[in-house]
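According to my numbering, the sequence shown is numbered sequentially starting from 379.
Hints may contain errors.
[Said to hold, decoys possible] Ranges of calculated distance between the beta carbons of each label pair, as one might list FRET restraints:
1) Thr717 to His784: 17 to 23 Å
2) Ala507 to Tyr530: 26 to 32 Å
3) Tyr530 to Asn414: 22 to 28 Å
4) Ala926 to Ala489: 41 to 47 Å
5) Ser663 to Asn726: 52 to 58 Å
6) Gly550 to Glu824: 46 to 52 Å
Rather than coming from a laboratory, the hints here were simulated on the basis of the structure. The model shown is predicted, which means the values in this text are computed figures rather than measured ones. Each residue gets a CB set at the ideal place from its N, CA and C atoms; glycine is no exception.
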Amino acid sequence: MKTLRGRPAATGIFNSGRVLGLLLFAAAALCPLFLNEFKVGLIGLGLTYGLFAVGLDLAWGRTGIVSIGQAVFFGLGTYGVAIALVRHGSAPVGGAIGVALAGLLGAFTAAVGLRRATNPSTMAVLTLAITLLAEKIARDWWSVTGGSSGLYVPPLTSTYSYYYLCFATAVGVVALLWLTVLNRPLGNRLTAIRLNERRAEHLGIPIFRERIIAFALSAIVSAVAGAFSAPWMSSVSPDRVGIVLSTQVLVWVAVGGRATLLGPFVGAVVLTYGQDALASSMGNSYLLLLGVLFILAVLLVPNGIAGLFFAGRELADTTPRVEAAVPRPTAAADALVATDIVKRFSGNLAVDKANLRVRAREIVCLIGPNGAGKTTLLNILSGAIECDAGAVSLSGTPIDTMPPHHRVAAGLARTFQIPSLFPGLTVAEHFILARQEAGTVTPLPEIYARLERNHGDQRVELLSLSDRRSLEIAMALCSQPVVLLLDEPAAGLARHEADALATTLRALRDQTGCAIVCVEHDMEIVRNLADRVVCLHHGKVISEGTMAEVSANPEVRRAYLGLA
379 MKTLRGRPAA
389 TGIFNSGRVL
399 GLLLFAAAAL
409 CPLFLNEFKV
419 GLIGLGLTYG
429 LFAVGLDLAW
439 GRTGIVSIGQ
449 AVFFGLGTYG
459 VAIALVRHGS
469 APVGGAIGVA
479 LAGLLGAFTA
489 AVGLRRATNP
499 STMAVLTLAI
509 TLLAEKIARD
519 WWSVTGGSSG
529 LYVPPLTSTY
539 SYYYLCFATA
549 VGVVALLWLT
559 VLNRPLGNRL
569 TAIRLNERRA
579 EHLGIPIFRE
589 RIIAFALSAI
599 VSAVAGAFSA
609 PWMSSVSPDR
619 VGIVLSTQVL
629 VWVAVGGRAT
639 LLGPFVGAVV
649 LTYGQDALAS
659 SMGNSYLLLL
669 GVLFILAVLL
679 VPNGIAGLFF
689 AGRELADTTP
699 RVEAAVPRPT
709 AAADALVATD
719 IVKRFSGNLA
729 VDKANLRVRA
739 REIVCLIGPN
749 GAGKTTLLNI
759 LSGAIECDAG
769 AVSLSGTPID
779 TMPPHHRVAA
789 GLARTFQIPS
799 LFPGLTVAEH
809 FILARQEAGT
819 VTPLPEIYAR
829 LERNHGDQRV
839 ELLSLSDRRS
849 LEIAMALCSQ
859 PVVLLLDEPA
869 AGLARHEADA
879 LATTLRALRD
889 QTGCAIVCVE
899 HDMEIVRNLA
909 DRVVCLHHGK
919 VISEGTMAEV
929 SANPEVRRAY
939 LGLA
C-alpha cells in the first residue's frame, strides 16, 4: 500500500525519520562487532523488551486500549520456554504454547473488557487484576513455576549468535506487523478507533471485533518477546508477569514514542541500558526515576523520542480502485420506518411511542423544542443507543437489533450536531477511511469533490465549521446511503451559509437519490428544505405534514412556537 502524499516533513536534525531508523538499525546490527559480550547481552535483552513494547504499543499506542497488565502475556512466553527447559523439553514448543495461551487470554480479556456496555477504565482495571492474579499464581504454584525462587534457565552457549537470532526475530515480527496490519485497512481502522470511536463506528467499522483482534495480536507479540527473552535471564521469576514490569513497559512506550515502529525499541533499549548503569547505585529509587521520566515524557514530549524525528501518524492509502454508480431507490418504496419507539433514561420518557415513516428520496425535518426527543430518536435510528420498545426497518429490512456498523452496511449514514471527525488527520485521509469502509469510490456532488481537491492536505482542525460539516456529510455519502441522518447541520452557520446548505442538501438528494432525515431548529431552513415536517414534544409526535400544515397546528404553536 502507498502512504498518503501531502504529510508534513519530519522535523529534527534529520530531514527524514527514516534516516534515523536506518542508522539505528545499522547500529543494532553491527554492535556485536564492537562491544563486549556483557553489553551485547544487555542490548539483546533490550531488543526483546523493545518487541514487548511493540506489543503494548499495538494496543495502547495504535488502538487506545490501556493495558496495565501487559507483563502477563510477556510472562506466558517466558515461562513457556523456562518450563520446557527445566523439564528437558523443546524450548520452541514451550514458547509456542506460551504464545498460544497469551493470544487466547488476550482475546478473552478484550471480549470481556471492551464490550459496548463497559467504561473506558474497565480494561485498565481488568488487566491490572489479571497481572496481580498471575503474579500470585506464579508465586504459589511451586511444582510448575518454581515459586518465588523461579526457574533456572541454562546460560547461552553463544551470546553473539543468540543476539542475531533475537535481532532477526524483532525485525521479522515488526515487518510482518507492517505488511499485514499497520499498512493495511486494519491499521487504518485501529487509528480511526483510537482517534474517534463514535465516528469510526458510524463509518461502518466493527470496533468491538477490531479491538479484540488488536489486543490479541498485542498479547501474541508480547509473548513472542517473552519467549525470546528467557535465555537472556539466569532465572524466570514471578516478577516477569507482575505489575512492576507492566509499569516499566508503559514507560518504555511513552518515552520512546507511541504509534511508531521505532519508538518502543528506543525506549526499551535506552532505559534497559540505563537501568543497568543506575540500578546498582540507586537501588529501588530507580523505579521512582522511571515514574518521573513517564510524567516528563507525557508533559514535555507527548510523542516520545521518536516523535521528534517522524512526521506523525500516516494512513495507508487503501482507497478502492473500483468506482461505483450511486444507487437510486424507487420513489414508491419506504426507505425508513420506525414504529412505536420508546426510550427511557432513569425512568423518564425521552421518546414515547414515536412513529416515523420516510419515503425514498424524501426529505423529512424533525422539529420540536429542546428536550423533545429529536436527537434521541436519531440516535436510536442510527444504533448509537438501543430503544426500550419499538421497531426500525430500512428498505423493509429490520435493523433495530443491528449495531451501527451493520446499519451503515445496510444503507444508513449519519452526521452529528458537533462535526465528528478524526483530529490530526487530513481531509484526504478522512476520504481514505470513508472509501475504504465503503469498498468503492462513489462520485460525490461537486461541492464535496471540490472540498477534497482544495483542502485534501489540510488537517481538519484548520477547516472552518462549514467545511467540517461538509466533510462529515461527504464521508457519509461515500457509503452510498439509502437514508442520510443529519443532526442540526446548520447549527453555528452564518445565514448565507445555512441558506446555501439547504440548497446543497436538496441538490444532494436529487443527485444521489437518498432520503434525508434532518433535525433542525432553524425554521427558515426547514421551510426551504423539507418535503415533510414532523414535530415532536415530550417524546411524542404531535403533528406531521407540510411546513404550512404543521405550523398552523394549535398544539405545535403552543408547544414549539410559543404562540397562542
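We went through each hint and held it up to the structure:
1. Thr717 to His784: 17 to 23 Å: Hint holds: Cβ distance 19 Å, inside 17 to 23 Å.
2. Ala507 to Tyr530: 26 to 32 Å: For Ala507 and Tyr530 the Cβ distance comes to about 30 Å; the hint holds.
3. Tyr530 to Asn414: 22 to 28 Å: At roughly 24 Å between Cβ atoms, Asn414 and Tyr530 fall inside 22 to 28 Å, so the hint holds.
4. Ala926 to Ala489: 41 to 47 Å: This hint is violated: roughly 54 Å between Cβ atoms.
5. Ser663 to Asn726: 52 to 58 Å: holds (55 Å)
6. Gly550 to Glu824: 46 to 52 Å: Distance hint for Gly550, Glu824 holds at roughly 48 Å.
Hint compliance for this structure: hint 4 alone is broken.
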